[in-house]
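A.B. asks: Please build the complex by placing chain H on the supplied structure of chain X, with the hints as guidance.
Take a look at the letters that make up each chain.
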Amino acid sequence: MKIGVYFCNCGTNIADKVNSDLVAEAVKTFPDHHYFVVLDFICSEDGRLQFEESLKGEQPDRVVVAACSPRDHENTFRRCLINAGINPYLLQMVNIREQIAWVTESPVVATEKAVRAIRGSANRVVLQKPLEKKQLEVSSDALIIGAGPAGMKAALSLAEAGRKVTLVERTPFIGGLPVRFEDLFPAMECAPCMLEPLMADLLHGDYAENIELMTMSELVELTGFYGNFIAKIHRKPRHVSLHDCIGCGECIEVCPVSVSNEFNSNACMRKAIDFAFTGVLPNAPSLMEDICIRSKGDECRLCKDVCPMGEDVIDLDEVASVVERRFGSLILATGASLYDTSQLSGLGMGTLPDVYDSMQFERMLSSTGPTGGEILTADGRSPESIAIVHCAGSLDEEHKPYCSGICCQYALKFNHLISEKLPNTSVTHYYRELVLPGKEAHAMFEYAVNNKNSTMRRYLRLSDIAVSCDEDRKLHIDCSGERAFSDMVILCPPLVPAEGSSELAKMLDLGCDSFGFFSELHGRIDSTQSTIKGIYLAGACHEPMDIKHSILEGMAAVGYSLAGLQPGRIVETEPTTAEIDESGCAGCHLCISVCPYRAISFDAEKNISRVNAVLCHGCGTCVAACPAAAIVGHGFTSEQIMAEIEGALK
Amino acid sequence: MSEKRDFEPRIIGFLCNWCSYAGADKAGGMQRSYPANVDIIRVLCSGRVEPQFIISAFAKGADGVIILACHPGDCHYKEGNCRALQRHTMLNMMLEQLGITKERCRLDYVSAGEGEKFIRVIGEMVETVNKLGQLKINHGNGEN
Chain X
1 MKIGVYFCNC GTNIADKVNS DLVAEAVKTF PDHHYFVVLD FICSEDGRLQ FEESLKGEQP
61 DRVVVAACSP RDHENTFRRC LINAGINPYL LQMVNIREQI AWVTESPVVA TEKAVRAIRG
121 SANRVVLQKP LEKKQLEVSS DALIIGAGPA GMKAALSLAE AGRKVTLVER TPFIGGLPVR
181 FEDLFPAMEC APCMLEPLMA DLLHGDYAEN IELMTMSELV ELTGFYGNFI AKIHRKPRHV
241 SLHDCIGCGE CIEVCPVSVS NEFNSNACMR KAIDFAFTGV LPNAPSLMED ICIRSKGDEC
301 RLCKDVCPMG EDVIDLDEVA SVVERRFGSL ILATGASLYD TSQLSGLGMG TLPDVYDSMQ
361 FERMLSSTGP TGGEILTADG RSPESIAIVH CAGSLDEEHK PYCSGICCQY ALKFNHLISE
421 KLPNTSVTHY YRELVLPGKE AHAMFEYAVN NKNSTMRRYL RLSDIAVSCD EDRKLHIDCS
481 GERAFSDMVI LCPPLVPAEG SSELAKMLDL GCDSFGFFSE LHGRIDSTQS TIKGIYLAGA
541 CHEPMDIKHS ILEGMAAVGY SLAGLQPGRI VETEPTTAEI DESGCAGCHL CISVCPYRAI
601 SFDAEKNISR VNAVLCHGCG TCVAACPAAA IVGHGFTSEQ IMAEIEGALK
Chain H
1001 MSEKRDFEPR IIGFLCNWCS YAGADKAGGM QRSYPANVDI IRVLCSGRVE PQFIISAFAK
1061 GADGVIILAC HPGDCHYKEG NCRALQRHTM LNMMLEQLGI TKERCRLDYV SAGEGEKFIR
1121 VIGEMVETVN KLGQLKINHG NGEN
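Just so you know, the protein sequences line up as chains X and H, in that order.
Once you know that position 209 of the first sequence is 209 in the numbering used here, the rest is easy, because the numbers rise by one and skip nothing.
In short: position in the second sequence from 1, add 1000, done, that's the numbering used here.
Bound conformation, chain X alone (with noise of 0.2 Å):
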């Protein structure tokens, strides 16, 4: 086997402590045929030139080039065998720069150091074997579940650039939390105004052919890896046709029976076939199978009979069904709900009246709520005084020690529309720290401050407050020994992942945190990513964030679908990755247990273990693991790594 031994002066960097005299030398006494080369600067453009040059005239079996580290300059060098017509994973890289040269003090001990690690390397690179990329079709196509600001974005710019999107959304309307907003910070603008063209575009627009939207439907199943997804969608009967339903209304009126709105925090009713609140978009109303009286036997069919659009409109009969769709990426943009106030001792929720955690006064402050965006009591007063406690909840080692980041802001923002609503009632903030991160929510809180009629009170601990209420309904709200009356008491609680957010991490096998947000592949460099390859974290599903973060990281998660899969062309993967050999393979499991990337399965028919080479990120934990030695961790294989050693210790 012919061996080629280039060595790069780099300069003096090199030269100054390495003799390549005396190494060419030392490899003149290794096995197999070795041939020497010194150039100067390899990486540059005469380099790399003269080495190709010296490849396609030598047409070595192998090559190790001696020079800097792999990291800097390995594919630079790989690209060099390429173009020589060699594959380039018969390179092997010698770092005697970084690892070497620099320092190393004695010249002598440094041209010793090299030839150990040369050695090593020319040992090695005997083992290594032609490798090459894998290809693989893939599909282009997104599903995106969640259709709040973050799935909607998401959806809609790949939709623009003219990929498939199925959008799956489990309430039976889009817009996500801040649709159910009055006002939103730190502008005061209109939320539903904010989100109205981002909707209609998601429905009626430009790009809307190219989006799938599903609503009442939830993700049940998920097989594949990146770029070949199958999921099983299951969907609910809505039991009015979004394609042909004009939202007159006409349906509801007629409807005899009512049951408590969820979507208005329970503070209304509802009928039984209903829009969520006014001005929901898909502007279509939903029926609801089990309060319906057709779900008791009765054979009512008031809302069919009285749809002005015909007898195809609503469908009574409409079963729940279970679709399937092929996909090459997934975002999730499952986004958060509130941590339960009831779990506050002491603050009253859930015992006292006229205490309200955040989205409950939010819903109470909108147009669509309940009161028609009245600030009422339970008993429909006017409340004089309304306290605001902050961080109820966050910052607390018993509850969640992370601040959210949003909670200060939009309290402030209730302090803004409280006094435009009620300009004699006066608020209190009751708030441990203040956090207004950015260039525009300082105004909301000069806006507070100089409100004559709102104070602002620190407390330490939210054990420091108690809420309690007299006979009159007046709520007493104690804290640090001074006590205070209010009408109305406002929590608000940290973020948490939304429900049913730790029963889909388990389904997918994704990872959560201790707070159940999703994990991302890493928290600052790839926080849109989550440990699945080609699995997307948009939006609070992943940490509490707030609209315009959410919208970013949809726009994120698009980046990373749009730059990894398009249409026609191939993935490729690369080929340092594990394959198991099936004669060797006992079947025992200790692989998979041992992957971070599920990319090991297991094939029950032949008993044996399988690495899927598209989701493998070539780490060699499992090649480690195998008790039978049946893993070759391709690149990095056991013999390859005991001849680097042998060269290094001769």
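Source of the hints: derived by calculation from the structure; they are not laboratory data.
Among the hints, erroneous ones may be present.
Which residues of chain X face chain H? A few of them, derived with a C-beta cut under 8 Å, are [to be verified]:
no.: 1; residue: 45
no.: 2; residue: 46
no.: 3; residue: 103
no.: 4; residue: 105
no.: 5; residue: 109
no.: 6; residue: 548
no.: 7; residue: 633
Sample of chain H residues lacking proximity to chain X, with all beta carbon distances greater than 12 Å (derived) [stated by the list, open to error]:
no.: 8; residue: 1027
no.: 9; residue: 1038
no.: 10; residue: 1042
no.: 11; residue: 1050
no.: 12; residue: 1079
no.: 13; residue: 1094
no.: 14; residue: 1117
no.: 15; residue: 1133
Just so you know, even glycine gets a beta-carbon here, dropped at the ideal spot from N, CA and C.
C.D. replies: Chain H only, in chain X's frame:
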């Protein structure tokens, strides 16, 4: 570096590509000398290091072996360093039985930014093995 000693320890270092190998490169960038006794073998992940590699290194003449991994929680492959730690703990028990004191086989954590720490850990390891002296494996009789 001081003049050559009578005994120059031979140490094999398994460095994971993403943290500790990068940490060694960082030390290189700082251009500060450290003992040249550790021959570095690059692996993608410390979780790739088979116990057999270590035993083989000792059998072929190494006086010490050092495995450098990403810090816990920082593994590029999520948890390979935890596997490395588990294997190292098990292996140390076995090495003791073979008469190889556990100080000859060290596992430590060096991040990509910790050039200083890399230099310190290498210095300590060389010093430790230097004190222990050359490893003599007497085919089952162990190290005396």
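A.B. asks: If a hint holds in the structure, say so; if it does not, say that too.
C.D. replies: Structure-based check of all given hints:
1. 45: violated, 24 Å
2. 46: With Cβ-Cβ at 25 Å, over 8 Å, it is violated.
3. 103: Because about 5 Å separates residue 103 of chain X from the closest Cβ in chain H, which is inside the 8 Å limit, the hint holds.
4. 105: holds, 4 Å
5. 109: holds, 5 Å
6. 548: It is violated, given that the least Cβ distance between residue 548 of chain X and chain H is near 29 Å, above 8 Å.
7. 633: This hint holds: residue 633 of chain X lies near chain H, its Cβ roughly 7 Å from the closest one there, short of 8 Å.
8. 1027: violated, 6 Å
9. 1038: violated, 9 Å
10. 1042: With a cut-off of 12 Å, residue 1042 of chain H comes too close to chain X, as the shortest Cβ separation is near 7 Å.
11. 1050: For residue 1050 of chain H, whose nearest Cβ neighbour in chain X is about 5 Å away, the distance does not exceed 12 Å, so it is violated.
12. 1079: Residue 1079 of chain H is in fact no farther than 12 Å from some Cβ atom of chain X, at 5 Å.
13. 1094: Since the minimum Cβ distance to chain X is about 15 Å, residue 1094 of chain H lies beyond 12 Å and the statement holds.
14. 1117: Given that every Cβ of chain X is farther than 12 Å from that of residue 1117 of chain H, nearest at about 14 Å, it holds.
15. 1133: Answer for residue 1133 of chain H: holds, closest chain X Cβ roughly 17 Å.
Comparing the model with each earlier hint shows violations of hints 1, 2, 6, 8, 9, 10, 11, 12; every other hint is respected.
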